[in-house]
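Q: Going left to right, the sequence shown walks through residues 116 to 389 as this note's numbering numbers them.
The hints are simulated quantities; they were obtained by calculation from the structure and are not laboratory data.
One or more hints might be untrue.
[Stated by the list, open to error] Here are the simulated lysine to aspartate or glutamate pairs, EDC-like style, with alpha carbons at most 20 Å apart:
id: 1; residue 1: K265; residue 2: E237
id: 2; residue 1: K265; residue 2: D202
id: 3; residue 1: K199; residue 2: E145
id: 4; residue 1: K199; residue 2: E140
[As the list claims (entries may be wrong)] Here are the simulated distance ranges between beta carbons:
id: 5; residue 1: T141; residue 2: H289; range: 29 to 35 Å
id: 6; residue 1: E330; residue 2: P259; range: 40 to 46 Å
id: 7; residue 1: E255; residue 2: G164; range: 40 to 46 Å
id: 8; residue 1: R359; residue 2: L234; range: 37 to 43 Å
The C-beta atom is built at its ideal place from N, Cα and C for all residues, glycine as well.
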Amino acid sequence: MARIWVDLTNSAHVVVLRPLVELLETGGHEVTLTARPLSHTTQLLDDWGHPYTAIGQHGGASRLGKALAATSRVAQAFAFARGKHFDYGLAHGSTDLPPVGRVLGIPNTTMFDYEWARLQHELNCRLATRVLVPDAIPAERLAPYARPPKLVRYPGLKEEYYLSDFEPDESVLHELGVERERVVAVVRTAPSYALYLGGSENELLPRVLRRLLDEGAQTVVLARTDEQRRALRELDPGLVVPERAVDGRSLAALADLVVSAGGTMIREAAVLGT
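Sequences and hints are given; from them, build the entire structure.
A: This is the structure in structure tokens:
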């Protein structure tokens, strides 16, 4: 039996890695989860019911804030992992697990499917034992980060794996007061706090939302921060803006249209045929 540490640093990582965690635990391995309390990450873990330890916080949009938060979380993650004798580590885009794994001698795999976060990948890929990416990313874009055998490319999209047997739950529409018989549009806001976006908000978003409302679409907007939620409600009270995490996969499957500034929901919609 192996002791495996999985670090979850954003909401999508809970959905992505949950099937792997459950598969490992079914196989008799002991899996320990840590999570960064960003966006809906801990809410999704609470809904899942799997034990976890919350570590750190997001540093906001500024480079200084990110640097301070990253330094603090690496230190906290090191203190957490030291003495636990983990056999392996796994994360999707965590910038904390690879350096801690390197210092403590824990072999670890880092995953990603967005090749343009250069600084993050240069650090993670250098420190990780294995780098796991979809083969849809051209090999020449991956060369600066890692090469085989350290680099492992898998066929298709990660969403195809964890959605392979997915059945949407229509109760999410009732939960949000959305009628199935009318046009439903789901919009995901940009991660404006992400370093690779420079902390910029998308000026196109208000225009898209107004157009959808003008066309009579029931428009559900999945915001990432409290600030975004407040701004959306001020923009138009007709928007449906959930206060907490909802079943985004079912929403994507049941919607007539998905507009997302984040890659995960767009890929989910494509896999689900929306």
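Q: Which hints, by number, does the structure contradict?
A: The structure conflicts with hint 8 only, although it agrees with all the remaining ones.
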